[in-house]
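Participant: Take a look at the letters that make up each chain.
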Amino acid sequence: MNEPVGRIRPTLVPRTVRCTACGGTLTQRSDALRFVVCRYCGAHLELGDVEARVLAKGERNRPGFAYEIDHAFVWEGVRYVVAARMVFTQEDDGEVSETVEYLLWSPRRGTLYLDYDDGRWLLSWMVHVMPRCDDAFSLAEGAHVNTHDGQGWTLEEVGTSRLAYIDGSLPWVARVGDTVGYATFRAAADRDKGYEVERDHGEIEFCLFRAVSRQELDVASGKPKEPDTAAAKPREHGGPAPSLDEDLEGILPRDDTAATRRWLLWMSGAAACFCLLNLGVAAHASSSAVQVLDRTIPPGFKPPPPPPPPAVEKDEPDDPLEPVEPPDNSPPEPEEVPVVGGVELPTGSFRLEKDTFLRIEFSAPALMNSWASVDVAVVQGDDDATHIMDAELTRYSDDDPDESTVSDTLDAWIDDPGSYHLVVRLLGARGTSETGGDIPVPVRIQAWAMPRLPLPFYLMAIASGVMAVVLFVVSRVTGRRRTPAEKEEDDE
Amino acid sequence: MTLREVSCPGCGAPRRIANPATMMFVCAYCGSPVYWDAEQVRSIGTKAALTEGFTRLYRDARGSLRGKRFETLGRVRYDFGRGFWDEWYLRCDDGTTAWLTEDNHELCLEWRVNEFPPPDNGFARVTFRGLEFVVEERGEAQCIGAEGELPFVVSFGERYRYIDGSSPDGKHSLGIEYDAGPGAVFLGDWLAHGELTLDDEGEDWT
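Heads up: the sequence lines are chains Y and X, in that order. Here the first sequence is numbered in the numbering used here, starting from 321 and rising by one per residue. Here the second sequence is numbered in the numbering used here, starting from 124 and rising by one per residue.
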């Protein structure tokens, strides 16, 4: 009889959770992981069934680490990945030392702990073997104790560790500032082996550990062998331990994604502020505009005839022998074609300063089933036309309202100070006649002068706005950068 | 082997029950927890499906426990506030059943003993059946999900206090549950990894 066949193992599909603080997408490798630090904003999140709850904001100063989250290790043929990284501080007689701990996790084997402490790498794992004493924490340093499995130990240190930093994810909920009491023993026969009793929140745990050489670590982590930089540096016990950055500076890469993202967001915010400031200045400049012209031209308006030009005496040539220029028989310039229909008139003059922005508005609110055409020249002094522009005003009852135009605005940038006036030619007709005549309704002409902001100002405003948007988008893209595990999977 | 076939009252999916001790199952299709009384099959109503793939054991897996062949019938998950643990219900090929606790991938084979726990007055050590145990943890747990077949009807959301401990030699485990009644005592053995093997260990996870 054939033995029943078990079900195929369900696939391990990491879940995706969204950071409640910044919206970043995080990978949850196990549903047993209850706590995760957002890799983008550093927020500490407690993972619930439905959503992640923010426990604390992210740390601004992230210490350097030798190994990144998701870095893989193989111990005795079993693959583990770095699930979390923690920094603990211990205080002894006013001196603070530091221990870095990597939580190595396998969905089939559970957790191992890789510690960097006092210049040595240690690998530890949980056990339930207990010491043959009532209270390991009340023993004096140097005391000898046996555990119930027959091994002998010497108490090396009793103290309290404080969690100072954490990132990654954990199968339990942790908070920076959590403390754990510890009693560390060394094997009487082998100084590279140890035993530790820990207690926190009424829970007591036991673990065994052994020293790991840098070379062994490199083999386990799949890295090429490198000089034993970290382990080779002697360190005075009890003194403040340099961070791993100091030990491994220049050797190990650093993951600055979160810092980069924060920097990008800062820059985006600064650019947005700059853009808003520019817009504010522009709004202020607009509000300080001075009206220099307001005139309404009624239908059928005829300007008074211009005064006759003064008689010009014909100059006698100084030298009768000098050749006389032949008469100019070339055709007149187009501007010189006489006006047919409509009305052309000069407005009153007004003074404009250097670098002024002149805004001219034509409006004919009574326009209906008719059209009006406006040609306007900005004239400096008597006859120096600096700008020539035109506008069309139309409104028909069967038009789409969006297509009707009963007012139009023309802008001119004035570079030179002086006296200016407008020469306006108005033409119009009722119905759809293409032959222009007198304007059918009154047309109002208004002009405002406002200080012109320098061109770099506008360029800066545009540039800062674009920069704010681009930086924000880039920061979001950076927030969705693939994790090392995802990259590894893609590479495979 | 006697087989019963019942239909899920939620979605109608059939399920064949081989274990006569099974009192409840969670429908593999719709996640409805289903139990039966003398008259009919009933649904508890609350969805209780658990995600799979993250544990060493899994429903309907086959393997060997201390040389004895078994299959996993079901699982109950408990939340103790700062994390979870799973309790797996196994049926061995010799017809016996067993419970395996998987807590952070540590495995413990447990069985209930016919003794009542002492009142929880904060004791640090306690003796059962001549074996001394040291208390390692106290807390409050809540059943938050289940899957597969189980020999009792799970009360989702029900809370109870618990005490966990081990014998000083680290070989045996103790579990005490304080519920509405006088409480229950479970003794067990911590298992080394090699004491349990699965036909599909899934060590090639990525």
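Think of the hints as simulated: they come from the structure by calculation, not from any bench. Bear in mind the structure is a predicted one, so any value in this text is a computation, not a measurement. Heads up, a few of these hints could be off.
Derived CB-CB ranges, DEER-like [unchecked claim]:
#	chain 1	residue 1	chain 2	residue 2	range
1	X	151	Y	523	33 to 43 Å
2	Y	512	X	301	40 to 50 Å
3	Y	340	X	267	13 to 23 Å
4	X	216	Y	501	25 to 35 Å
5	X	143	Y	445	39 to 49 Å
6	X	253	Y	523	22 to 32 Å
7	Y	340	X	136	46 to 56 Å
8	Y	466	X	136	21 to 31 Å
9	Y	523	X	305	42 to 52 Å
10	X	192	Y	794	27 to 37 Å
11	Y	439	X	217	48 to 58 Å
Think of the CB as a built atom: it goes at the ideal place given N, C-alpha and C, for glycine as much as any other residue.
Participant: Next step is simple, just say for each hint if it's right about the structure.
Facilitator: Hint by hint, here is what the structure shows:
1. Between residue 151/X and residue 523/Y the Cβ separation comes to about 36 Å, which falls inside the hinted range of 33 to 43 Å.
2. At about 43 Å, the CB distance of residue 512/Y to residue 301/X agrees with the hint of 40 to 50 Å.
3. Checking the proposed 13 to 23 Å range against residue 340/Y and residue 267/X shows it holds: the Cβ atoms sit about 21 Å from each other.
4. As the Cβ distance of residue 216/X to residue 501/Y is approximately 46 Å, the hint placing it in 25 to 35 Å is violated.
5. Distance hint check for residue 143/X and residue 445/Y: the Cβ-Cβ separation is about 40 Å, which falls inside the suggested range of 39 to 49 Å.
6. Checked against the hint of 22 to 32 Å, the pair residue 253/X and residue 523/Y passes, with Cβ atoms roughly 26 Å apart.
7. Our hint of 46 to 56 Å for residue 340/Y and residue 136/X is violated, since their Cβ atoms are close to 36 Å apart.
8. At roughly 57 Å, the beta-carbon separation of residue 466/Y and residue 136/X lies outside the given 21 to 31 Å, and the hint is violated.
9. With their beta carbons about 25 Å apart, residue 523/Y and residue 305/X fall outside the hinted range of 42 to 52 Å.
10. Between residue 192/X and residue 794/Y the beta carbon distance is about 58 Å. The supplied range of 27 to 37 Å is therefore violated.
11. For residue 439/Y paired with residue 217/X, a C-beta distance near 54 Å keeps the hint of 48 to 58 Å intact.
The structure does not agree with the numbered hints 4, 7, 8, 9, 10 stated previously, though it agrees with the rest.
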